[in-house]
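Residue numbers (the working numbering), protein chains in the order written: chain A, 549 to 871; chain B, 786 to 1067.
Worth double-checking, as some hints may not be accurate.
[Unchecked claim] In silico DSSO-like pairs for lysine-lysine, Cα to Cα no more than 30 Å straight-line: (1) A:656 - A:748; (2) B:866 - A:844; (3) B:966 - A:656; (4) B:842 - B:899; (5) B:866 - A:656; (6) A:844 - B:869; (7) B:869 - A:852; (8) A:624 - A:575; (9) B:869 - A:656; (10) A:748 - A:844; (11) B:866 - A:852; (12) B:940 - B:866; (13) B:869 - B:966; (14) A:844 - A:656; (15) B:966 - B:940.
By construction, these hints were calculated from the structure, which means they are not laboratory data.
Source: prediction; values computed, not measured.
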Amino acid sequence: MNLRWTHLAMWLAFVCLMMAIPEFVSKGTLRTLIFANFLAIFAISWDVLSGRTGYISFGHPFLIGIGAYTSAILTKRFDVPIEYAIPAAVLMTMVGGIIVFLPALRIKGSYFALVTLAFMELMYQLVQVIRPDLTGGTRGMSGVQTLTRGAVNGYYMSVSLMLAIAFSMWLLMRTQLGTALSAVGMNEESVRGSGLSTTKLKLFAFLTSAFVAGLGGAFYVHYLGSIAPRALFDINFLFTIIVAALIGGASTIIGPMLGAFFLTFLLEFLRPYLPGAERYFIYGTIALLLYMYEPKGLIAIIDKYWQRTRGTFARKQEPGESL
Amino acid sequence: MQIIIQGLLLSGLYALIAMGFTLIFSVGRVLNLAYGAYLLIGGYVYFTISQTFGVPKLIGLLLAAVVGCLVGLLKYRLLVKPLKGDHVAVEISTLILAVVLQAGVVFLYGDSSKILLPIVPGVTHVAGASVTYNLLAATFASWAILIGLYLFVRKTHVGRAMQAVSMDNRGAAISGVDPDKINLFTWGLSGALGATAGVFFASYTQLSPSMWVAPLIISVAVVIVGGIGSIIGTLVVAHIVGFMEVLAVAVIAPELRGVFTMLLIIVVLVIRPQGLFGREEL
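Next comes chain B alone, as it looks inside the complex (with noise of 0.2 Å):
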């Protein structure tokens, strides 16, 4: 029971992580390495504002989604925009901005890490297992904005022209979208997203320039698996991530955690590359 209840909470806070990634995945086409770095400017954004300055939380929450969207379309247009979509020129230069980034909390903040407090304090229990409302929080939101998202995708005229341009550029194109647009506002809401995300991990592990990596690794291993695309593949491969992570933690050793998520990527790229949702791409 124990086990379902922190699976589930987790899996939605991996869905709200990946959720970005996935998006500039599918629209973009690219592989935003950097991704990982939103969540990290989210995260201090927020520990500065209202941790350090006493904001109220949600002001918080919002300035670091807003400062995340910013990062995004500052992104798009200096280097994804000028590198023309060549993929692993994208790959790498977004690798390595991951890494300035990072260099560049540390010179802000320092190395050591920082404990964020929790964004809704308080512990219930929930069938013998202890949970935090901040987790609990997290898991709402997440499904919140996951559902939201993809009602956006789905019904708005913006969301749909999302799909054109992921589905195909050129034909996009033709019927009257701009790519370049579309592009811009999926980074700008793909940083958002992240930035949001960032919050809500950071609260739930701790908040350290080196926090980007594990989320990255997470983002990649639920695009992989779900496939080009598709935000209920997302949704369901968050959770099996999830799942599978706490079922290690709980079932053979803590230090595995995250062994299983690396073998099931590589199984997964190896085995049916478009994902176990997407659509055949390759």
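Chain A with its partners taken away, still in its complex shape (with noise of 0.2 Å):
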């Protein structure tokens, strides 16, 4: 596990900053962090899967979908209760991850991006047609019970949850299984022949990406209180999460995150400039050139300027990934 006191004072010290937040910004600033928690719960989904084991998925949209619909049909059609409709949806996305598993038995690299691509497409099809009474048809579902009220309550709601999943998931990467993870991702025929089961990993990745993105996902859609089958298995919306992952920095927990943030708060900062859907233009301008320039992130980038600020002789920094 190799845990130090050091990471878990930083840990702290993040808990406590995003925790005290409220008090300093306005309900605007606040509902903005909110889309930035949740996106950055994306992020850290879709790099559990994708930035460690290196089975990029195009169709993240797809299991996020599976648990915000899940959820959001359970509860207003079926007056389940939110407690048990919540863990049914995770229960649903983990079979939805599996389903995206087994492409993966057989194909890697770009020709699984492809599949997980078709997968989102074909949610995005189906679920206009099939049962619109339960879906909502093209137009999707509005007064889906919420959890909370107001920006603050929101904020701590999705904060503590965002928080939770990069904490496990931090924790989880610690373990000799998150090495196993990452060591898929570099050379799996390797990993195969020091006797793992490449089968029984890729399997855990998948789930694990799944009970993230359908935990996010349920609390998403009862956060929003509607859902749109255009808005969800959107390509500019797989292509923000992906980006945040990446920008941030993939295969690290605090780099998904940073991504989520930086992305989010660059596009709040473009709508007075560009209202419209212009603001991708220079969004992913931005978000292109940093990713030729540095496709480790802007945790490699800051991890960088400290190391010259320390000066190179001084001992041995942590490596980016250590949070």
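With the hints as a guide, bring the two chains together.
Structure follows, in structure tokens:
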């Protein structure tokens, strides 16, 4: 495990900082922060699967959508209490994770990415056609029961969820299992060569990722109170998730969170100048340039500067992956 | 009968759309997720030149192809080459690029969709099915381009060099073919093809900033199912996909249009990852 008290202290400081934020900022900023929290959850979920094992998923909204739709349908159409609906949604998403996992047994790389993209588009079209009385068809659903009222409560809910997920993922990645997952991403054959079952490891990664995605998706729909297929199974949404994880720094825990906050605030910052979808032009260009300049993400850039200010002669720093 | 005619026409269009994507995938071995953006660019360039400035349509079409070609060349030089064949990085950066280009179009032309006047106006009736000359023209153009491409790849020196690079990069380099040049050429060609297809596609449906997604999915389906490096495969599968869509619309429900295409991608990828006509690859 090799836990160190400095890490725990940093986590504690981070939690305190995040919890203290509502005292200082306006309601509007809080709403932005809530969105950033959810985006961070999705990005972490993407990263557990794609950042670690190298199986790039272009269909993450597929998993998130299963979580969100299951919970929304259960509470709205069948009057299931939220306490039961969310676990059920998470279970459903994990089943979805297994479905996505099946092609990964045979194919990898670009082909796998394409299958997941196809899954997302398939889901998008099916949701509109099959049982529109349940899913609300093209228009989606509104008036889904919400968990919280007001920006402050919403913020506390989303930030606690994000921190809980981030912390448990961090712990998980520090175990041997986490190391093995990253090893799958580096060289699957040699992992198999060392006598580990890559199938089991991959299954584990898919299930964990689906678990987080389902949890995030379900809470997200109960925060928003509405759901629409076009907003969910959308390339722009997928793009935001992937870019958040990559810009922040893939296969770290702090990276996707950093990326999510960076992107959300960039988007908010651009809003006064460009109100509509044009924002994505600047936003995407910045993302593209950052990605081309440093594929390891912001975390690597920060780390580099940190090293430089500390002086290269100083004792060896904790690498960026430590958090 | 109507289904057959509509299926043939739609499939011709799809074959044209998928061709450029297949080329890149075969020769450069990368998935260009910004491929749909060529169609977007082609459609909007044609719209600006022919519909706004009233330049003759053929010139508009040619200019659209030229712009598409330039975009393809730039993309290769600025994006793909610096990433040095890292497939995942290329896919992700082209995906980002596609979103950027879409936003650029929104920025310039606004969010709402535009109607592109038919390239060739008029309607005819074939065996009880009404067929617009426009789609007919697209199909003929598509067949002409496909045959031309087939001959080009088979008969000319450059075409054979493309085949060589698609089979084995290093082997081609040893035989005196510069893979970099061939790649650059292919990217340009693919861009031109994509932009041309975009004009026809836009006149078939309509111009909108998000019009690049559907053709991308179709191209992906065609390439995946057809397999790498097979022009004939592309043609055949474009017809499978086209007919499946027309049948789904006519027999089951219009909403299910794309569902079978997705299912086809998933099933083929899982059962036969090298595609129906492709070489053993994975």
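Of all the hints numbered above, which does this structure not satisfy? Sort the numbers upward. none
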